[in-house]
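Number of protein chains: 2
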Amino acid sequence: MNIAVIGLGIIGGSFCKAFKLHTDHHIIGINRTPETAKKALEEGAIDEIGSAESLEKADVIFLCMYPQACVDFIKEHGGSIKKGAIVTDSSGIKRAICPQLEELSREFGFTFVGSHPMAGKEKNGFEASEARLYEGASFIITPCGAPREAVETLSQLALSIGFGQITLSTPEEHDRMIAFTSQLPHVLACAYVLSPSCPNHKGFSAGSYRDVSRVANINAKLWSELFLENREPLLEELIILANNVKNIIDAVNANDKKALTALLEQGHQVKQSLGE
Amino acid sequence: MNIAVIGLGIIGGSFCKAFKLHTDHHIIGINRTPETAKKALEEGAIDEIGSAESLEKADVIFLCMYPQACVDFIKEHGGSIKKGAIVTDSSGIKRAICPQLEELSREFGFTFVGSHPMAGKEKNGFEASEARLYEGASFIITPCGAPREAVETLSQLALSIGFGQITLSTPEEHDRMIAFTSQLPHVLACAYVLSPSCPNHKGFSAGSYRDVSRVANINAKLWSELFLENREPLLEELIILANNVKNIIDAVNANDKKALTALLEQGHQVKQSLGE
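Those sequence lines, one after another, are chains L and Y. Residues in the first sequence are numbered consecutively from 1, following our numbering. Residues in the second sequence are numbered consecutively from 1, following our numbering.
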């Protein structure tokens with residue numbers, strides 16, 4: 001198949017490298033900054049530097065830009081897409097993006113299937129991309145009314161490049177769960193490192209500091225867009241978290257060992273019951 | 001040297017294994033449950049199962065029990081300790097423990113040097129101990145008035161078994177920094193996994209979830225003791241954190257992209273400036 005990847009950052013770049021490592025598909029890379037596309041070609045991450053015109057030969061298109069930029073790209077170039085081609089995004093939010101791309105798919109005659117690769121790291125750009133970034137990760141698909149065959153094609157493609165599982169979901173469920181699994185840890189990491197103690201941590205820290213603070217090295221522009229496009233579910237999780245922290249503060253403040261032990265034991269039980 | 005390790009849990013067991021791996025010292029293991037000491041001997045983690053009487057031949061004694069239990073042990077058995085022997089604890093709190101052990105050192109004629117190995121994991125007991133747990137980690141020493149030679153002996157011992165650095169500190173500084181680097185992440189992890197979304201995370205989660213939730217698999221009894229013996233510094237950090245989370249909640253709630261981006265960017269800057 002001809003596969004076009006639009007946006008060669010960490011997500012798109014990793015898709016290209018994974019396709020080249022695991023499959024014989026022809027990979028077309030499209031990127032706003034030409035230097036990055038040239039670098040990807042030189043490194044063998046793509047077979048061809050594409051432009052909007054190349055879209056007409058793509059069987060599958062991966063949109064790997066900021067969420068709203070994916071929509072804008074299709075608005076501008078949707079007319080060049082081959083009828084019946086599969087288009088997927090890789091946005092970390094789905095309710096704000098999927099309905100727009102579904103509508104555009106009807107306008108331009110392609111098939112839209114939403115997806116979200118559950119992998120990443122605290123670095124950005126093509127330099128941070130890796131052929132094995134998706135190894136064992138979950139590939140979330142929000143079919144959004146796409147025919148079963150298109151969902152199946154995309155699933156097989158994901159499994160062929162190393163994803164460990166496919167999770168089918170609705171945009172609503174996706175956004176609710178992502179608020180907890182991904183957005184909340186990013187809020188916590190940022191809130192955590194803003195303590196005046198943070199700059200002095202060296203010599204006093206170990207794994208707990210490293211793990212909680214890791215994703216504070218955040219792309220502020222991208223994540224503020226992701227947070228604000230998912231306000232309600234994120235606020236809900238934030239308020240639950242703030243309450244749980246407050247309960248612990250109250251127990252510590254009251255020197256109430258029984259209440260404190262019970263709260264910590266609840267956390268322990270959750271992890272135990274999940275086998276983690 | 002003859003080294004006695006009292007308490008063969010993850011911390012004490014790892015000391016024993018590291019001494020056997022890296023040094024020729026004679027290791028005496030003392031444990032309340034005899035089966036664990038027997039297992040440690042069978043596995044070659046110790047050279048000898050000791051009792052309170054064995055203390056008289058120990059040149060260095062590592063107390064690796066719950067904080068207050070270290071003090072209670074010395075109160076009961078301090079009379080058996082050789083004059084001039086070095087005794088160190090491994091407690092995660094220092095203000096509540098060091099002055100008591102300093103006083104006991106004067107009573108019984110040994111040399112007390114406080115210490116805290118900055119390593120651990122989300123499992124407990126001798127089964128979880130590892131010869132390489134301390135590899136590259138920081139070994140915090142609170143000299144508490146001990147002679148320079150004793151601090152030097154303990155430092156060399158720590159470096160000889162794989163610790164990567166020695167951090168000298170006061171009990172006050174130690175407790176303030178540990179509230180941030182270690183206690184706060186444990187509070188956050190527990191508060192985090194108490195969200196009703198947590199049990200459904202599989203398929204929707206990746207590294208961020210894993211890292212923030214890891215230490216929620218907590219020893220509730222030990223950590224509630226650690227928290228309550230370090231109330232003021234912990235409360236201070238908890239309140240700073242709660243305020244930082246609240247600022248982010250407010251920005252999300254007000255749909256204020258500028259304020260939100262600025263807050264996240266601050267987090268990013270902290271990590272950048274630390275080179276992390």
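Note that these hints are calculated values from the structure, not bench results. Any given hint could turn out to be false.
Heads up, the list lumps identical chains together, so a pair's fine if it works in one copy or across two of them.
Below are the DSS-like pairs computed for lysine-lysine, each with C-alpha atoms no more than 25 angstroms apart in a straight line [what the hints assert, rightly or not]:
#1 123 - 202
#2 75 - 202
#3 38 - 257
#4 271 - 221
#5 258 - 20
#6 123 - 57
To see whether the hints hold, each was checked on the structure:
no.: 1; hint: 123 - 202; in the structure: both (21 angstroms within a copy, 24 angstroms between copies)
no.: 2; hint: 75 - 202; in the structure: neither (49 angstroms within a copy, 34 angstroms between copies)
no.: 3; hint: 38 - 257; in the structure: neither (61 angstroms within a copy, 34 angstroms between copies)
no.: 4; hint: 271 - 221; in the structure: between (33 angstroms within a copy, 16 angstroms between copies)
no.: 5; hint: 258 - 20; in the structure: neither (57 angstroms within a copy, 39 angstroms between copies)
no.: 6; hint: 123 - 57; in the structure: neither (32 angstroms within a copy, 54 angstroms between copies)
Hints 2, 3, 5 and 6, counting from the list given before, are not met by this structure.
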